[in-house]
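Trainee: Given these sequences and hints, build the entire structure.
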Amino acid sequence: MLGLQRQSPPSWYRDRVREELHERRTAKTTLQKLSETSDVFFAIIRANYDGFAVKKNTSLCCL
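In terms of full-length UniProt numbering, the sequence shown opens at residue 1 and continues consecutively.
In short, the hints are calculated from the structure, not lab data.
Where hints are given, some of them may not hold.
[Said to hold, decoys possible] Simulated pairs of lysine to aspartate or glutamate, DMTMM-like, Cα-Cα distance not exceeding 25 Å:
| no. | residue 1 | residue 2 |
| --- | --- | --- |
| 1 | Lys33 | Glu23 |
| 2 | Lys28 | Asp39 |
| 3 | Lys33 | Glu19 |
| 4 | Lys33 | Glu20 |
| 5 | Lys33 | Asp15 |
| 6 | Lys28 | Asp15 |
[As the list claims (entries may be wrong)] FRET-style restraints, in silico, Cβ to Cβ:
| no. | residue 1 | residue 2 | range |
| --- | --- | --- | --- |
| 7 | Asn48 | Glu23 | 16 to 22 Å |
| 8 | Thr30 | Gly51 | 18 to 24 Å |
| 9 | Arg18 | Tyr49 | 16 to 22 Å |
| 10 | Tyr49 | Glu19 | 17 to 23 Å |
| 11 | Phe41 | Ser11 | 33 to 39 Å |
| 12 | Arg14 | Ser35 | 20 to 26 Å |
| 13 | Thr29 | Pro9 | 30 to 36 Å |
| 14 | Ser11 | Ser38 | 32 to 38 Å |
| 15 | Phe41 | Pro9 | 31 to 37 Å |
Fair warning: this is a prediction, and the values are worked out from it, not measured in the lab.
For every residue, glycine included, the Cβ atom is placed at its ideal position computed from N, Cα and C.
Mentor: Here it is in structure tokens:
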């Protein structure tokens, strides 16, 4: 897809999603929130693409 290397260990993907969710929650402006939301979705999509599905209970309800 983008030529990004697969990361190891698998927890790297979960940690990235958590980090991006935290950044999304702390974003102040509408533009920052939009940017961080796209980062969350990218992290989830990348994990799935690389074969590491993120749990379905990931807290996306409050985006």
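Trainee: Now tell me, hint by hint, if it's right for this structure.
Mentor: To see whether the hints hold, each was checked on the structure:
Taking the CA atoms of Lys33 and Glu23, the gap is near 9 Å; set against the 25 Å cutoff, the hint holds. The straight-line distance between the Cα atoms of Lys28 and Asp39 is roughly 15 Å, inside the 25 Å bound, and the hint therefore holds. Our distance criterion of 25 Å between C-alpha atoms is met by Lys33 and Glu19, whose separation comes to about 14 Å. At most 25 Å may separate the alpha-carbon atoms for a hinted pair to count; Lys33 and Glu20 meet this at roughly 11 Å.
Between Lys33 and Asp15, the direct Cα distance comes to roughly 19 Å. Compliance with the 25 Å bound is thereby established for this hinted pair. Proximity of Lys28 to Asp15 is assessed by CA-CA distance (about 22 Å); at most 25 Å being required, the pair is judged to hold. Restraint check, Asn48 to Glu23: a C-beta distance of roughly 20 Å satisfies the suggested window 16 to 22 Å. Restraint check, Thr30 to Gly51: a C-beta distance of roughly 34 Å breaks the suggested window 18 to 24 Å.
Checking the proposed 16 to 22 Å range against Arg18 and Tyr49 shows it holds: the Cβ atoms sit about 18 Å from each other. In this structure the supplied range 17 to 23 Å holds for Tyr49 paired with Glu19, their Cβ-Cβ distance being about 18 Å. The hint said 33 to 39 Å for the Cβ distance between Phe41 and Ser11, and at roughly 20 Å that hint is violated. Between Arg14 and Ser35 the beta carbon distance is about 21 Å. The supplied range of 20 to 26 Å therefore holds.
Checked against the hint of 30 to 36 Å, the pair Thr29 and Pro9 passes, with Cβ atoms roughly 34 Å apart. Checked against the hint of 32 to 38 Å, the C-beta distance between Ser11 and Ser38 comes to roughly 23 Å, which is inconsistent with it. Taken as a hint, the range 31 to 37 Å is violated for the pair Phe41 and Pro9, whose Cβ atoms sit roughly 22 Å apart.
When each numbered hint is compared with the structure, violations occur for hints 8, 11, 14 and 15.
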